[in-house]
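J.: Quick mapping for you: the protein sequence lines, in order, are chains A and B.
By the numbering used here, the letter at position 84 of the first sequence is numbered 84, and the numbering carries on one by one without gaps.
By the numbering used here, the letter at position 296 of the second sequence is numbered 296, and the numbering carries on one by one without gaps.
Quick caveat, the hints were computed from the structure, so don't treat them as lab data.
A couple of the hints might just be wrong.
To be verified - Listing some non-contacts, in silico: residues in chain A with all C-beta distances to chain B over 10 Å:
| # | residue |
| --- | --- |
| 1 | 12 |
| 2 | 72 |
| 3 | 332 |
Unchecked claim - Some chain B residues near chain A, calculated using beta-carbon distances under 7 Å:
| # | residue |
| --- | --- |
| 4 | 11 |
| 5 | 55 |
| 6 | 334 |
| 7 | 356 |
A virtual CB, placed ideally from N, CA and C, is assigned to each residue, including glycine.
Number of protein chains: 2
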Amino acid sequence: MTDATLAAAPTDFPVVGVVGGGQLARMMQQPAVALGVRLRLLADSPSDSAAQVIPDTVIGDHRDLDTLRRFARGCAVITFDHEHVPTDHLHALAADGVPVRPGPQALVFAQDKGLMRERLAQMQAPLPLWRRVSSTADVGSFAQLAPFPLVLKATRGGYDGKGVWVVNNEHEAAEVLSHDQVPGFIAEELVAYTRELSAMVARSPSGQAVAYPIVETVQRDGICHEVYAPAPGLEDAHAVAAQEAALRIAGELDVVGVMAVELFDTPDGVLVNELAMRPHNSGHWGIDGAVTSQFENHLRAVLDLPLGDPSASAPLTVMVNLLGGDLSELYPAYLHCMARDPALKFHMYGKVVKPGRKVGHVTATGTGPNELSDLLERTRHAVAYLRGDIDE
Amino acid sequence: MTDATLAAAPTDFPVVGVVGGGQLARMMQQPAVALGVRLRLLADSPSDSAAQVIPDTVIGDHRDLDTLRRFARGCAVITFDHEHVPTDHLHALAADGVPVRPGPQALVFAQDKGLMRERLAQMQAPLPLWRRVSSTADVGSFAQLAPFPLVLKATRGGYDGKGVWVVNNEHEAAEVLSHDQVPGFIAEELVAYTRELSAMVARSPSGQAVAYPIVETVQRDGICHEVYAPAPGLEDAHAVAAQEAALRIAGELDVVGVMAVELFDTPDGVLVNELAMRPHNSGHWGIDGAVTSQFENHLRAVLDLPLGDPSASAPLTVMVNLLGGDLSELYPAYLHCMARDPALKFHMYGKVVKPGRKVGHVTATGTGPNELSDLLERTRHAVAYLRGDIDE
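Using the sequences provided together with the hints, build the complete structure.
T.: The structure is reproduced here in structure tokens:
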């Protein structure tokens, strides 16, 4: 605050500590305002996306245990905008008696792709062919099973396509494996999927869980570009199977909060690609298109409140990400975009535009699946205009 | 912020200065977060409802011109959570070159019921019988036209039933008129209305305007208790006439932002009761039930952005106010209320519970007018539980 120190909370509503100042934390503030829940943010900088909208912001390093401990004081629970807090620190906080949700024993499976694959394999969840690899020889041997081109992934630290490489031969594999900052690798078959889906669930410490409608995601270079909710043309049985798989994974891993299970859809069924144990880009559509957004259900879940209805409130919702383009100033583009289409919902993250950076998203809702092309034209037009790709 | 001074805005998005720290300013923060617009708040205290959720909060007195001037520095526009800023100060800010929206020349008609009645009479808007009164004799003379019981209203300073008195005779009128802090009075007929309606519009400085669906409001002791949107059973022609009247008033008074026109519905048509030139309790339903909430359209309007679609996104929405009851702690009641009804939307204002004080509201949406009784049962149950009127 500019003129005043922060007042003591005038009410008994709990404080939720959120580690990480990105747009996911920012979008938690909207349901927090509605629920009366107070957020405390640990951000890298006061100009972080979420720090701009959350008064009780602490600036500090989420890799420093003392900082985390000071931050946690007075919080009813600690949760996350990202998965980069060291697992040991989370165990230390939990040992201090601070509820950490999702807990480190669950979060590790979103932090470490090797552990995730092993655990899901134990559960007999449907997976691509995969193997831990540490040498070119390992990759060569795996290629007997899953021929080149195949995928190498860093077990830790990847996001939005970072830490994932498609390699065409052992030579390329050797180059990737030489990245000495990477603690470990897995190799995976390059799945010939028909499309990508995402199954979002929310689960509370008491074990209550809800599943959102299965959505279709359109990714490019590992970055989410578009989401269609619910996934057009997906058979009911197929959708229910994907929801059940996500609920089973959440239960077995003891996830608390929301979890997105990114799936490959193939003629033979779905395969699990990635897990995210936090609000996820594939769930942003629900701010405008679901009875309870992923952000509200994440807060409800980590507070062990009963979960909200995850149903779609509109028969079809399309979300298109705004990735930084040529325009460095987004605001002037509102004049054109809002005048052209009064029903679009704009979500801006308060971030400086850099090429390819996620700086916002645009959503439109429709009355049925036959409106998909209309909703796509409208949302894509707005995003193209905001990027500076078109000027009319 | 706790550990850091407020950072410079990293983007070109404008700052909207909001005078007043109540729940209306608080609920502007949700669309501000989405739009990327930055709010700066002038609040009485850091524990004010909106100050809890807006980082850039200045604590100061809205009746002090120097405070207002300091607050306005760097704001693209100044707008309001309440109508209590002295008109002269608004003119002074406007003379300084600060856009004040709505402007003082419009806002005065929401601040002064006498001026409002005169101006609306000039426009031939449908009004109850009324007259300025300053003595018991004036009231007695008016009673020849509109017999007792009749209504006395303070021309300035009233809200939520304050500053409004129903008097049964000249003796009671004399007692009201003896309130020496009241600058002026009007007398009005006590309208035998069938129900109360509200017409909400938004208007931009460029003159673009949109009308929300006409809603039914249920008031007790001058305080809004419930809102049904759209007003059940209201004939289309009747609704359109009310929307047109509100749009005409907004245009003629040069309103910028949202305006609620409170109406009496009578067998002979609607009569204008009150005007509010700010987000209004009768528009809260739209957070969950309209494509664009009144709070978002207020921000768009004062920034002279194209207005958003005011259409209902659900065929029926019911909003029930939570007025403080026996329970001083609201949060524990969430367990019961959310478990009973996962589709309810809760909106809490972060205010200390006092009897009769507006501390939140609860909304439910339905698929058609036949669900009115169901939505009422569900929202009223939650509110009764949150008040402590019932415990199961």
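J.: Please go over all the hints and tell whether each is borne out by the structure.
T.: Quick rundown of the hints versus the structure:
no., hint, in the structure
1, 12, "5 Å, violated"
2, 72, "13 Å, holds"
3, 332, "8 Å, violated"
4, 11, "6 Å, holds"
5, 55, "4 Å, holds"
6, 334, "5 Å, holds"
7, 356, "17 Å, violated"
Of the hints listed earlier, those the structure fails to meet are numbers 1, 3, 7, in rising order.
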